[in-house]
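When you get a sec, could you build the whole thing from the sequences and use the hints?
So the sequences go chain by chain: A and B. Per this note's numbering: the first sequence ends with 1370, consecutive numbering throughout. Per this note's numbering: the second sequence ends with 169, consecutive numbering throughout.
Check each hint, because a few of them may be wrong.
[Stated by the list, open to error] In silico SDA-like pairs for lysine to any residue, Cα to Cα no more than 20 Å straight-line:
no., chain 1, residue 1, chain 2, residue 2
1, B, 100, A, 1360
2, B, 103, A, 1341
3, B, 103, A, 1258
[Stated by the list, open to error] Some residues of chain B that are not near chain A, with every Cβ distance over 10 Å (derived):
no., residue
4, 59
5, 76
6, 77
7, 84
8, 86
9, 87
10, 104
11, 116
12, 124
13, 137
14, 140
15, 160
16, 162
[To be verified] Cβ pair distances, simulated, as ranges:
no., chain 1, residue 1, chain 2, residue 2, range
17, B, 109, A, 1269, 43 to 53 Å
18, A, 1318, B, 60, 18 to 28 Å
19, B, 85, A, 1262, 27 to 37 Å
20, B, 72, A, 1335, 35 to 45 Å
21, B, 65, A, 1337, 20 to 30 Å
22, B, 128, A, 1318, 31 to 41 Å
Hints listed in this document are in silico derivations from the structure and should not be mistaken for laboratory results. Small disclaimer: the values here were computed from a predicted structure and weren't measured. Just so it is clear, CB atoms sit at the ideal spot from N, CA and C, and this is done for glycine as well.
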Amino acid sequence: DAGVTQSPTHLIKTRGQQVTLRCSPKSGHDTVSWYQQALGQGPQFIFQYYEEEERQRGNFPDRFSGHQFPNYSSELNVNALLLGDSALYLCASREGLAGHSGANVLTFGAGSRLTVL
Amino acid sequence: RKEVEQDPGPFNVPEGATVAFNCTYSNSASQSFFWYRQDCRKEPKLLMSVYSSGNEDGRFTAQLNRASQYISLLIRDSKLSDSATYLCVVSLTGGGNKLTFGTGTQLKVEL
Chain A
1254 DAGVTQSPTH LIKTRGQQVT LRCSPKSGHD TVSWYQQALG QGPQFIFQYY EEEERQRGNF
1314 PDRFSGHQFP NYSSELNVNA LLLGDSALYL CASREGLAGH SGANVLTFGA GSRLTVL
Chain B
59 RKEVEQDPGP FNVPEGATVA FNCTYSNSAS QSFFWYRQDC RKEPKLLMSV YSSGNEDGRF
119 TAQLNRASQY ISLLIRDSKL SDSATYLCVV SLTGGGNKLT FGTGTQLKVE L
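So this is what it looks like as C-alpha cells:
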C-alpha cells in the first residue's frame, strides 16, 4: 500500500522563478494538506484541500497556491520565489475532513526539498 | 509568543536514561494534542496522541495539563534508536486537520 508520494524530491530554483510541487495521497485518502518546514523549525501549515477546494489556509501569502485534482492528488505552486522560501515542503493526507478521533491523523510524505538561490 | 513552545535542546543522554520533554501551547481552545517524531531529513511521524488522563505506550508516557496548557513526554530506558527530534503538536480540531507544530526538541542518545 503506497503511502504519500511527493515529487520532485529535491530541486533548486533562483529568486523570482516559479515552482510546482506534486503530491499523491495515500490510497483511500481524499484530503491533502501542505506544510512548509524551514531548517531548524517545525512544519507550518500552508493549506488543506478537500473535494478540489481549499478548505483551510495558514498564514502564507497569495504567492502560495494549490490545486486538487479529481483523483485527490494535489499540487503546490509558489510564484516569485524568495530566498526565504527555501524549505522542505511536506504533503500530508487523511481520509475525510472533520473528526476529533486521535486515530484519524495525517500521513506525511517524505517531502520536496526546495533550495532558492 | 509562539503558539507551541518547546526547548530545542539538544538533550544528550546516555543509553538507558530517562528523559522528559515539555511543551506549552498558547491557544486554550486547542482540542487535540500529539507528539510526533522526526528523524534527520525525514518526514514527521506520529509517535502518540496525548490525552488528559495521560497515556502510555511502552517506554513512552505522555501527559496533558489543560489548565496549565502544558504537554509532556517521558521516555524511559532510552535507546540509541530514540535519537530524533520530537515535535509537540496541537490542533483546534481533529488530528487530521490543521496541525500547529513546535520547533521540536532534539534528542541524542549516546553509548
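Status of each hint after checking the structure:
| no. | hint | verdict |
| --- | --- | --- |
| 1 | B:100 x A:1360 | holds (13 Å) |
| 2 | B:103 x A:1341 | holds (15 Å) |
| 3 | B:103 x A:1258 | holds (15 Å) |
| 4 | 59 | holds (15 Å) |
| 5 | 76 | holds (24 Å) |
| 6 | 77 | holds (19 Å) |
| 7 | 84 | holds (14 Å) |
| 8 | 86 | holds (17 Å) |
| 9 | 87 | holds (13 Å) |
| 10 | 104 | violated (5 Å) |
| 11 | 116 | holds (17 Å) |
| 12 | 124 | holds (15 Å) |
| 13 | 137 | holds (23 Å) |
| 14 | 140 | holds (19 Å) |
| 15 | 160 | violated (5 Å) |
| 16 | 162 | violated (5 Å) |
| 17 | B:109 x A:1269: 43 to 53 Å | holds (48 Å) |
| 18 | A:1318 x B:60: 18 to 28 Å | holds (26 Å) |
| 19 | B:85 x A:1262: 27 to 37 Å | holds (34 Å) |
| 20 | B:72 x A:1335: 35 to 45 Å | holds (43 Å) |
| 21 | B:65 x A:1337: 20 to 30 Å | holds (25 Å) |
| 22 | B:128 x A:1318: 31 to 41 Å | holds (37 Å) |
Going through the hint list in order, the structure does not satisfy hints 10, 15 and 16.
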